[in-house]
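Those protein sequence lines, which keep their order, are chains A and B. Using the numbering used here, the final residue of the first sequence is 237, and nothing's skipped along the way. Using the numbering used here, the final residue of the second sequence is 237, and nothing's skipped along the way.
For the record, the hints were derived by calculation from the structure and aren't laboratory data. A few of these clues could be false.
[Claimed, not checked] Sample of chain B residues lacking proximity to chain A, with all beta carbon distances greater than 10 Å (derived):
id	residue
1	Q33
2	D51
3	D169
[To be verified] Listed below are several chain B residues computed to face chain A (Cβ distance under 10 Å; list not exhaustive):
id	residue
4	L113
5	I116
6	E119
Backbone N, C-alpha and C define an ideal beta-carbon position, used for all residues, glycine too.
There are 2 protein chains.
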Amino acid sequence: MQMPAHISQEFELELENIRAKVLTMGGLVEQHLAKATDALQQRRLELADEVSADDFKVNTLEVNIDEECTQILARRQPAAGDLRLVLAVIKIIRDLERVGDETAKISRMVLRLIENESPKAYYINVLAMANHVRRILRDALDAFARSDANAALHIAREDPSVDREYDAIMRQLVTYMMEDPRSIGTVLNVVWVVRALERIGDHVNNICESIIYQVKGMDVRHADLDEIASNIHNE
Amino acid sequence: MQMPAHISQEFELELENIRAKVLTMGGLVEQHLAKATDALQQRRLELADEVSADDFKVNTLEVNIDEECTQILARRQPAAGDLRLVLAVIKIIRDLERVGDETAKISRMVLRLIENESPKAYYINVLAMANHVRRILRDALDAFARSDANAALHIAREDPSVDREYDAIMRQLVTYMMEDPRSIGTVLNVVWVVRALERIGDHVNNICESIIYQVKGMDVRHADLDEIASNIHNE
Chain A
3 MQMPAHISQE FELELENIRA KVLTMGGLVE QHLAKATDAL QQRRLELADE VSADDFKVNT
63 LEVNIDEECT QILARRQPAA GDLRLVLAVI KIIRDLERVG DETAKISRMV LRLIENESPK
123 AYYINVLAMA NHVRRILRDA LDAFARSDAN AALHIAREDP SVDREYDAIM RQLVTYMMED
183 PRSIGTVLNV VWVVRALERI GDHVNNICES IIYQVKGMDV RHADLDEIAS NIHNE
Chain B
3 MQMPAHISQE FELELENIRA KVLTMGGLVE QHLAKATDAL QQRRLELADE VSADDFKVNT
63 LEVNIDEECT QILARRQPAA GDLRLVLAVI KIIRDLERVG DETAKISRMV LRLIENESPK
123 AYYINVLAMA NHVRRILRDA LDAFARSDAN AALHIAREDP SVDREYDAIM RQLVTYMMED
183 PRSIGTVLNV VWVVRALERI GDHVNNICES IIYQVKGMDV RHADLDEIAS NIHNE
């Protein structure tokens, strides 16, 4: 079934509009993560407060984009690549929404850390991990904007390095707790931040898998990354 | 566009088949969670090993059901309630897959707890929380099987009680760590179990929201539960 030209143009516009909204949502989430990190680094309570207060905007965008995707499925009955784009977007916005949730949790922990005047030594390495996670989130959004499956694959392969950072920081935090049991309450706040960052890394990974699915039509979840790489390059 | 009767019957069968597979997947995840809990309660290493070894079955089912949903969207172009069912299933299986992931994590922590011969006092309350979470997971799957939005709403309202259990147990665990800093490593394994159970509670909540969306056509995420209840009952 061929669509008449003006309908097909309208449809193209709708898809473009959805892609743009995903990038808006992603940009907002990225900005929140940057604010939460800066709040900790610069001990600025007001930045962490802003993230908590604005989390609802992320949620609203998700519900809104999800609704538009459902409308497109119902009215346009897209096929092949267009269908994959809509389904990938439904998954990506869910991951972005959860990145938003984790970021809001981080900002609550940051508030406590600032209020308790926690020593910087407790979280100095966490800032490096946060910058790393911010970078892969931004790169994943870029890969989505450019429908770049190779870039997405490259980012997904970086996830193990986030896991290694996580392990190293966690060991250090346990040492702090053992050396000074009175610090346990405070250090646990840092533990929750690290845990949330690790989760964000997982969600970025999911987003990359959705991009590869959208572009290449391969479901790469639970698959071996080296095998996927050779499939992508041998096409 | 009306479908011919035999096509429409085939389509009905496909939808039934997908519902059945979701229940199979849910049953498997439920069984894994039961095994992981029993492993801890009865100190049976082999049960925890089974969960780790079988997690791939959950992942395979998800990829499989997701692919069938995509096929249905492409070939049948479902509308209204059928479209909502397919979209709800795509979301539900993703949550179930993550419940499976969290359960696999729990089983790894359980292995460590058994191997270190950790005192039962550390995790006795965790077992009660695990039973609670198992119950709401089973109830949510029942609600899906019966397309029962009221039951789903009822379960979603229970989530705050899981959160309260989480807070109480966490406070207790911090006390153990402070009283005996040498226990920190072991107690942290319990902390990860509790954290995973809390996540499973969140996913059960998401599943309930997807059921309400499927049955009632309302997107209830981020909405006030009392308001939703009055909407459902005033219809």
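For each hint, the structure was consulted:
Distance to chain A confirms Q33 (chain B) as a non-interface residue, since its nearest Cβ pair spans about 20 Å, more than 10 Å. Annotated as non-interface, D51 (chain B) keeps its C-beta farther than 10 Å from every C-beta of chain A; the closest such distance is 20 Å. With a closest Cβ-Cβ approach of about 13 Å to chain A, D169 (chain B) is found to remain outside the 10 Å limit, as its non-interface label requires. Among the interface hints, the one on L113 (chain B) is violated; its C-beta lies about 18 Å from the nearest C-beta in chain A, farther than the 10 Å criterion.
A cut of 10 Å between beta carbons decides the hint on I116 (chain B): the least distance to chain A is about 20 Å, and the hint is violated. The beta carbon of E119 (chain B) is not positioned within 10 Å of any beta carbon in chain A (closest approach about 20 Å), and the interface hint is therefore violated.
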